[in-house]
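*Asks:* Each chain, written out:
4 protein chains.
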Amino acid sequence: MANKIPVGILGATGAVGQRFVQLLEHHPWFETTELAASDRSAGKAYQDATNWRQYTPIPDSLQTQVVKPCEPNLDCKIVFSGLDSSVAGEVEEAFAQAGYIVLSNSKNHRMDEDVPLLVPEINPEHLGLLKTQRQRRNWAGAIVTNPNCSTIGLVMALAPLHRAFGVKRVIVSTMQALSGAGYPGLSAIDMLGNVIPYIGGEEDKVETEPLKIMGAWQHDAIQFADCKISAHTNRVFVEDGHLETVSLELEKKATPEEVADVLANFSALPQELKLPTAPIPPIIVTAERDRPQPRFDRDAGKGMSAVVGRIRPCPVFDIRLVVLSHNTIRGAAGAAILNAEIMKAQGYLD
Amino acid sequence: MANKIPVGILGATGAVGQRFVQLLEHHPWFETTELAASDRSAGKAYQDATNWRQYTPIPDSLQTQVVKPCEPNLDCKIVFSGLDSSVAGEVEEAFAQAGYIVLSNSKNHRMDEDVPLLVPEINPEHLGLLKTQRQRRNWAGAIVTNPNCSTIGLVMALAPLHRAFGVKRVIVSTMQALSGAGYPGLSAIDMLGNVIPYIGGEEDKVETEPLKIMGAWQHDAIQFADCKISAHTNRVFVEDGHLETVSLELEKKATPEEVADVLANFSALPQELKLPTAPIPPIIVTAERDRPQPRFDRDAGKGMSAVVGRIRPCPVFDIRLVVLSHNTIRGAAGAAILNAEIMKAQGYLD
Amino acid sequence: MANKIPVGILGATGAVGQRFVQLLEHHPWFETTELAASDRSAGKAYQDATNWRQYTPIPDSLQTQVVKPCEPNLDCKIVFSGLDSSVAGEVEEAFAQAGYIVLSNSKNHRMDEDVPLLVPEINPEHLGLLKTQRQRRNWAGAIVTNPNCSTIGLVMALAPLHRAFGVKRVIVSTMQALSGAGYPGLSAIDMLGNVIPYIGGEEDKVETEPLKIMGAWQHDAIQFADCKISAHTNRVFVEDGHLETVSLELEKKATPEEVADVLANFSALPQELKLPTAPIPPIIVTAERDRPQPRFDRDAGKGMSAVVGRIRPCPVFDIRLVVLSHNTIRGAAGAAILNAEIMKAQGYLD
Amino acid sequence: MANKIPVGILGATGAVGQRFVQLLEHHPWFETTELAASDRSAGKAYQDATNWRQYTPIPDSLQTQVVKPCEPNLDCKIVFSGLDSSVAGEVEEAFAQAGYIVLSNSKNHRMDEDVPLLVPEINPEHLGLLKTQRQRRNWAGAIVTNPNCSTIGLVMALAPLHRAFGVKRVIVSTMQALSGAGYPGLSAIDMLGNVIPYIGGEEDKVETEPLKIMGAWQHDAIQFADCKISAHTNRVFVEDGHLETVSLELEKKATPEEVADVLANFSALPQELKLPTAPIPPIIVTAERDRPQPRFDRDAGKGMSAVVGRIRPCPVFDIRLVVLSHNTIRGAAGAAILNAEIMKAQGYLD
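Residue numbers (the working numbering), protein chains in the order written: chain A, 1 to 350; chain B, 1 to 350; chain C, 1 to 350; chain D, 1 to 350.
Treat the hints with care, as some may be off.
[As the list claims (entries may be wrong)] Sample of chain C residues with no beta-carbon within 12 Å of chain D, all distances over it, derived:
no.	residue
1	Lys-107
2	Glu-258
3	Pro-315
[Claimed, not checked] Derived Cβ-Cβ restraints for the label pairs, each shown as a range:
no.	chain 1	residue 1	chain 2	residue 2	range
4	B	Arg-40	A	Asn-265	33 to 41 Å
5	C	Asp-226	D	Ala-287	29 to 37 Å
6	D	Asp-261	A	Ala-94	48 to 56 Å
7	C	Ala-98	B	Asn-51	35 to 43 Å
Rather than coming from a laboratory, the hints here were simulated on the basis of the structure. We put the CB at the ideal spot given by N, CA and C, even for glycine.
Please model the complete structure; the sequences and the hints are all you need to start from.
*Replies:* In structure tokens:
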């Protein structure tokens, strides 16, 4: 393990933090050496501080490790942040200021002009923003964010189509898993035989984040994609995996077969670089008429692939499809880890 | 009870048939006197022939009534049909031919040019088709249909808006209840923590039925509404109540407040006539940000009202909203009963 | 309404408090005139203070009524308490001291030597304890309790059998509904496809409360029943209705038919007195091999009957059976109301 | 793969058959070379004949393999049978007659006097019955069975305790997963927010099979254990994993700590022999007060361990506990594979 890069996890006791711990356990490049969380947890052994909810056990090496407070004196240069947005803003800034590379899963800085909202398969060139970020903010470190868990599946399907055909307008309706609300999240008695057609703040994220992610990199800045998105977000009784029905208006007409081809053949820099967490392929196209389904397809590509099905003509727009992605892997912890991997591969962590 | 109109139920042992039995138990105008079902059930006492799944018990008077075969020699003039579409076509025609008024819940004849697809609040004048129907088919009786369970909520929200503002394009995504698939319907192990993004034949119904229902009555025929609909239909783990997210493009722009006003103030002939099953109001507009929800709102208006919420601007079209309706009451048995009521009120049953 | 007895509800904004409000709405004897809750709610309109989760709306007359603090200056003589056990002890005592009759649903005083743990069908004579209670505690009012929601179904099945055959030993395993844990209660993501084989403090209640309830009334005191109970309590993904599997050792042997007869023919003082909330019959015996089931049977007797099924020989003890009762009606608010009714009928409220 | 033993799967398209295919994919000793199923499936490619429901894909090598009829001309000597009990009896006999070793998961022959009902950790010596079986039936092959999915967890907990302390009487109440009913199994709408307190034929199996399994091997025959069991079996909304609450009367008194010690330290021949599918340890004792839970603990030991928790005194008998085991792995396919492994290790497959 001597040569692995030590990393810390902010918010290590929460739902996303636990996923970081789990996904990093056997990571070939990174090794979790620091666990940090709120003052309530700081000072306790990790196994006592966290209500562990993953299906694999806490890694042996971390069970009794003492949780530290979220202060920028951790013994590592890279931190993954699963902090709640109520505190992530300031804490992450403090770490960046102090020279840490912060891989953030929080919404606070995603739409900041000088912060990359990174999906390595789509916009790796947006890492160019870090130069501006450091200059403008006078930071030794940096903040790089990954998108919201309901944005990611959509934008993974949209981006290749936008490149190939131009996506003008999108209407999306989501059916989102319980784990997206953290732990304990929703009440069992509210969700029994029920759907809640509202998720606070979520629709705005789905409507704006893809425009930045698919934005062109011009003159050291991002030119937002010229595309309109309307999102309906709903909570359903599913453990993991956000399912989204999507209708697309294209600039250049395309048949369902052409759309399927573009998606199925999509590959990008993380796949070329063989990044450890990069799924191959990043997008799986299924021909079965009743797929993707959350329970059966969310783990595709170890939870890092988007699965697209039911590609068919739309009587109102041009194309309709269904997309699924794992909300706590590709939509949270796995995304941040892939971001760190591409940064490493491109020299940003040196 | 001497003065009540005797009615029969075709497919009385099935899920929709049971709902007919239940909803007609205390009906002020109709009395169930005949129960008919497949040959497998014919000859048995109703309580032995049916696997009763309603929350109220089988009406005393029908428990031991002998189920008859679905042949047009029942002792009544009006039949409610909950037959499966695999057999409904021929059986319902045989009854109509033999002089029965058939209130059909099946898809078989819904889109026939000379068959009303009736929603009494929207298109009572379409009953005018019966004249043509009888002439053309040389029937003593008639067939009148109600829409699919996923069409009804949508069209109840659309029709008043179409009248007020003109609806040009609609993209709808449904989250439909288990009971829509009949009994036993879906497998529990398929639906545990899952969503199935496909319902066979459903999207076509949602895309075409509203155009007929909202069609203008001109020269003894229906002029289909000039409107395009795109539907994504999904099955979720909910007992009753189909929830739909809807984006609308309007001819004449309208604010969310104007849309809410039109829907909340909507009233129509069934309400004027005080038909026993007509809900007041037919459309309930809720201002709570996370409603309607299937479990809490499906029984509004005894399951006959549509509940509309989250009326807000759509960044792609003009207006977005969520609509819920009870799929086995307003979307099936209750709809057919309301159809019979307006026919009675307008002299079609004399 | 002039002649109705005014009553107050303590903890009116909680889950049990809401049930009190709902069940008392059309009560022929009582009228809710006072709503009291924690300081967080006091001063607010009821509809703003409570997150209403019942299927019927808040009664019109109470929607804007101002919630008061739980202090013994309410304008009524009788209070129903749905307070959480963390506060119920002191608050209820303060009310009793101040002259109020407190119908308590909390565990705090259930096992007190001088407090009736009342099930009107089983031990109405235990109200005789009130004399001692008032003397000993120097109270103008009184506290009367109802059993835990998992005790009630069991004891309703046990008591008639204890009288007829003598019950020596009982092993019971429960499958309890979510609503028993209050609101918001359990996490949806914990309960998805899961069972939790532990409910804090519950097994002790099930093992001890029936012994007091079935206790003999001798010399102004309760002689606990000589019976041993072992309880396994489990939480399952059910909205309402606690299901319990029970094995019984009897002193005097009895066949399943004899047991069924005793239960099906059981009737008691509340039924004789025709108390408004008394179910007829109090125990429903079902012969269907796969019943009772929570969703289909919990509302028997408007939620006040216990439903017993699968009465059969036990290879280890003598008799086995399954019992279901509605945990928030017969197991909470409905129980307390029935207690008040029998007190009224017997002159304890004069 | 040259040295692996070729095996066939009877009923390969069903739920248990799929589990055999999945669990054998990377088996170090066995290789699936023959797939057999009903005439409906015979002649089709496996991927077309089966509605694959496992989370891992069909092994590449078997996707297009042609399914054969269940006739004893398969090219292997060992067959695993996941056949439904309606056909298993005759088919399995035909195979045994024809010289095949049949590892059967069906109930048909479990209680036959000359058929081992094998749990390798408990009664490997019962394989001695095969000598009698072959003589008496004049078979070249043999049938070896594994217990019912609800028996296995119970008997794994009972057997070590029976040896250590003597188990006299047992009352068990199960909460069984959906997958135990095969596919499609139960209706989703029946199971929504519900428990079904009845599983046809199940209680008899739980009450009798353990007595044979724990039976002493004397004079080439099994002396059934002298123990009485009473079972209540219930179906709950859980995907996999049968949970059971158990009360035990012991001959020799023991403390919860002593019971926990015996269970936690239990190890047996399969563990000594390091059989590929033998879990280490076979029984996991958990000290967490609310475990085992089906979703979090069923995969312990790759689904082959039983997990025991809540060991505590029983006020009626001596000891109470909760046991969980994976019903389609340890309770079906995995059990049969472990049976084959111990037979191989002991020379029964030579």
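*Asks:* Each hint needs a verdict: does it hold in this structure or not?
*Replies:* Structure-based check of all given hints:
1. Even its closest Cβ contact with chain D, about 19 Å, leaves Lys-107/C beyond 12 Å, as expected for a residue assigned away from the interface.
2. The beta carbon of Glu-258/C is kept farther than 12 Å from every beta carbon of chain D, the shortest such distance being approximately 19 Å.
3. Annotated as non-interface, Pro-315/C brings its C-beta within 12 Å of a C-beta of chain D; the closest such distance is 5 Å.
4. Arg-40/B and Asn-265/A have their C-beta atoms about 52 Å apart, which leaves the hinted 33 to 41 Å range violated.
5. Distance hint check for Asp-226/C and Ala-287/D: the Cβ-Cβ separation is about 34 Å, which falls inside the suggested range of 29 to 37 Å.
6. Checked against the hint of 48 to 56 Å, the pair Asp-261/D and Ala-94/A passes, with Cβ atoms roughly 51 Å apart.
7. Between Ala-98/C and Asn-51/B the beta carbon distance is about 56 Å. The supplied range of 35 to 43 Å is therefore violated.
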